[in-house]
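**Student:** So the protein lines, in turn, are chains V and F. Every number in my numbering is 412 more than the matching position in the first sequence, counting from 1. Every number in my numbering is 6 more than the matching position in the second sequence, counting from 1.
The set of hints was computed from the structure by calculation and includes no laboratory data. A few of these clues could be false.
Using 27 Å as the maximum straight-line C-alpha spacing, the simulated BS3-like pairs for lysine-lysine come out as follows [as the list claims (entries may be wrong)]: (1) F/K43 - F/K62; (2) F/K73 - F/K62; (3) F/K9 - F/K43; (4) F/K9 - F/K46; (5) F/K62 - F/K9; (6) F/K74 - F/K9; (7) V/K421 - F/K43; (8) F/K47 - V/K426; (9) F/K73 - F/K9; (10) F/K46 - V/K421; (11) F/K74 - F/K43; (12) F/K47 - V/K421.
Just a few of them, taken from the derived set where beta-carbon distance is under 8 Å, the chain F residues facing chain V [claimed, not checked]: (13) R37; (14) P49; (15) F51; (16) L105; (17) G108; (18) Q109; (19) G110.
Glycine is no exception: its CB is placed at the ideal position from the N, C-alpha and C atoms.
Residues per chain are reported as follows:
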Amino acid sequence: NAGVTQTPKFQVLKTGQSMTLQCAQDMNHEYMSWYRQDPGMGLRLIHYSVGAGITDQGEVPNGYNVSRSTTEDFPLRLLSAAPSQTSVYFCASSRNGYYEQYFGPGTRLTVT
Amino acid sequence: EDKVVQSPLSLVVHEGDTVTLNCSYEVTNFRSLLWYKQEKKAPTFLFMLTSSGIEKKSGRLSSILDKKELFSILNITATQTGDSAIYLCAVGGTSYGKLTFGQGTILTVHP
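With these hints in hand, go ahead and build the complete structure from the sequences.
**Tutor:** The following block contains the structure:
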């Protein structure tokens, strides 16, 4: 089992560019989520999904889109990157939305 | 809106000390409280506490949940330099699938 995988590990974007952060899991988990982590702010939920075809907004969804066409994949799209989106992004999955989540290794994104 | 507050925000101790990390929460329809340890990478799971499991212990780490006073503590005894990390607390409740995290406690253990 690879667990939760994320690509890329690092990315530098210019303001206004768009990109997709990839996330995949091979544990057949129904629940997947995206967080961003900024210094002193813990993890903040961006979007989450409780199953294929179902997504919902978290605490900080503005500027991000998601879709869940398969159980395995949950990509995060930045529509028009802004310096405020400079952060570390983590994808996570779980068999249950209230229980232990398994985290991917993270993507460090810098927007200049 | 669910809220999780951790204290202290940072803590510096010496090897062998015992530390207590705090997590207080406000959530509608509480379902779970989770503790994670984060070193220089992704968070790793430590404990989950629920209404049916309010105490957990693993080696030098232990945690309790007080559902009446709405807080949890994480204790680490005989600390080691390898315990240096950010400790995160998260609560699940109001909406299925939404875990709310606290700001984290940065623990530094000096030799």
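**Student:** Indicate, hint by hint, whether the structure satisfies it.
**Tutor:** Structure-based check of each hint:
1. F/K43 - F/K62: 15 Å, holds
2. F/K73 - F/K62: 15 Å, holds
3. F/K9 - F/K43: Satisfied, since the Cα-Cα distance of roughly 20 Å is no more than 27 Å.
4. F/K9 - F/K46: At roughly 25 Å apart (the allowed maximum being 27 Å), F/K46 and F/K9 satisfy the hint.
5. F/K62 - F/K9: 23 Å, holds
6. F/K74 - F/K9: Roughly 16 Å separates the two Cα atoms, so the pair holds.
7. V/K421 - F/K43: 20 Å, holds
8. F/K47 - V/K426: 25 Å, holds
9. F/K73 - F/K9: Distance ~15 Å between F/K73 and F/K9 Cα, so the pair holds.
10. F/K46 - V/K421: Holds, at about 14 Å.
11. F/K74 - F/K43: 25 Å, holds
12. F/K47 - V/K421: Cα-Cα ~11 Å, so holds.
13. R37: Holds - the Cβ of F/R37 comes within 8 Å of chain V, reaching about 4 Å at its closest.
14. P49: It holds, given that the least Cβ distance between F/P49 and chain V is near 5 Å, below 8 Å.
15. F51: 5 Å, holds
16. L105: 7 Å, holds
17. G108: 5 Å, holds
18. Q109: At 5 Å from the nearest chain V Cβ, F/Q109 passes the 8 Å test, so the hint holds.
19. G110: 5 Å, holds
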